[in-house]
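Residues per chain, in single letters:
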Amino acid sequence: MHNEHSDTHFQSRIDNGEHIEAKDYMPEGYRKHLIRQMSQHAHSEVIGMQPEGNWITRAPSLRAKQILLAKIQDEGGHGLYLYSAVETLGVSRAELIEQLQTGKAKYSSIFNYPALNWADIGAIGWLVDGAAIVNQVSLQRTSYGPYSRAMVRICKEESFHQRQGYEIMTTMMRGTKDQQAMAQDAMNRWWWPSLMMFGPHDSDSPRSGDAVKWKIKRETNDELRQKFIDKTIPQAELIGLTIPDKNFKLDEKTGHYTLSPINWEEFHRVVSGHGPCNKQRLDHHIKYHQEGAWVREAAEAYKLKTAKKELVTA
Amino acid sequence: MATDTQLDLWEVFIQSKSGLPYIHSGSVHASDVKMAMQNARDIYTRRGEGTSIWVVPAKHISASNPDDNDMLFDPSNDKIYRHPTFYVMPEGAKNI
Ligand SMILES: [Fe+2]
Ligand SMILES: [Fe+2]
Chain G
2 MHNEHSDTHF
12 QSRIDNGEHI
22 EAKDYMPEGY
32 RKHLIRQMSQ
42 HAHSEVIGMQ
52 PEGNWITRAP
62 SLRAKQILLA
72 KIQDEGGHGL
82 YLYSAVETLG
92 VSRAELIEQL
102 QTGKAKYSSI
112 FNYPALNWAD
122 IGAIGWLVDG
132 AAIVNQVSLQ
142 RTSYGPYSRA
152 MVRICKEESF
162 HQRQGYEIMT
172 TMMRGTKDQQ
182 AMAQDAMNRW
192 WWPSLMMFGP
202 HDSDSPRSGD
212 AVKWKIKRET
222 NDELRQKFID
232 KTIPQAELIG
242 LTIPDKNFKL
252 DEKTGHYTLS
262 PINWEEFHRV
272 VSGHGPCNKQ
282 RLDHHIKYHQ
292 EGAWVREAAE
302 AYKLKTAKKE
312 LVTA
Chain L
287 MATDTQLDLW
297 EVFIQSKSGL
307 PYIHSGSVHA
317 SDVKMAMQNA
327 RDIYTRRGEG
337 TSIWVVPAKH
347 ISASNPDDND
357 MLFDPSNDKI
367 YRHPTFYVMP
377 EGAKNI
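Chains as they are written, first to last, in the working numbering: chain G, 2 to 315; chain L, 287 to 382.
Heads up, some of the hints might be wrong.
To be verified - With a cut-off of at most 27 angstroms between alpha-carbon atoms, the simulated BS3-like pairs for lysine-lysine come out as follows: (1) G:309 with L:320; (2) G:304 with L:320; (3) G:304 with L:303; (4) L:380 with G:157; (5) L:303 with G:310; (6) G:33 with L:345; (7) L:365 with G:306.
No lab work stands behind these hints: they were computed from the structure.
Please read these numbers as outputs of a predicted model, since none were measured by experiment.
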């Protein structure tokens, strides 16, 4: 129910730096924004398992396979932390999954690109997880308690994700000419999509005003993107990778890198369903969700059976 | 999709070290206590975060309403004599 007094009180709690908990009063817009953002985040963790899962059976060593398995398992865990945090807002897991599978809810468009070879696994860990970490570190201070706590837990786990990716890239850059070329090729393909992960420019992102006012977002898309760029370019240069942008340069005065304009047409095309793998990702999710239904049904049947038995013996 | 069950909601509490309090970690879906325990282990303790786990059906948890905080916690606010700093000790008193 809309209530002006409560909304003012709510905003003053936010301004005081308080966290909002599930049962607290919150304006409908705040709840809606959180459900959209958090569910998108959860779906991204889960869909993000697919491009990497593609390489588990082809990892070049047992060590690499164990690491990749552990990383992907973490991503599944991140999805579950986030789903359980969204559920505190009064939406069910079944609704969230339906929204994903019908395309009503989005996930990060980066996962609609394919992982073509082993160097992509390096680039994904280093760049994609690297970009996600910048965003998630900032979200640790988000105003919604369950979201903030999930982010703290996720950030602790993420640091190995980025390091394993950078390790792969480093190893390849120290390898043969062909390996170096593979690493550079992966860099060329993942660089721009990683920058797009932060979303449209602040000037083009209509909902970000409320999100900042409510402290759901603590930094804007452009601020976060700049942090990522400034951190990542020196890492690339250190191992001999070239930034796929002829115009990038360090602004000595500000200490920040400037780049060519981002191709937002590509971003919008991929978000709206026309990336290389959109259909494949959703089809895969739907298939395994449906094929797993018998497990959930069996678990329910077992629960009913054991409950009856307890009733008899009690 | 309407008939698809998502099982029951359980809240998970983890004790990080013996003797420390159990802290809420999040929740899991499970059909019974055994599955809840296994899911909680897999989801919330992949890096040795815990030495002990509690799982509680979410429907059995009741929470106070923060809007009632003034009323609810009022009885503790005006009893400053519950704090040791309320008392004046004689000059030179030690170890008290
Ligand atoms: Fe993650
Ligand atoms: Fe990750």
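For each hint, the structure was consulted:
| no. | hint | in the structure |
| --- | --- | --- |
| 1 | G:309 with L:320 | holds (17 angstroms) |
| 2 | G:304 with L:320 | holds (10 angstroms) |
| 3 | G:304 with L:303 | violated (32 angstroms) |
| 4 | L:380 with G:157 | violated (45 angstroms) |
| 5 | L:303 with G:310 | violated (36 angstroms) |
| 6 | G:33 with L:345 | holds (24 angstroms) |
| 7 | L:365 with G:306 | violated (54 angstroms) |
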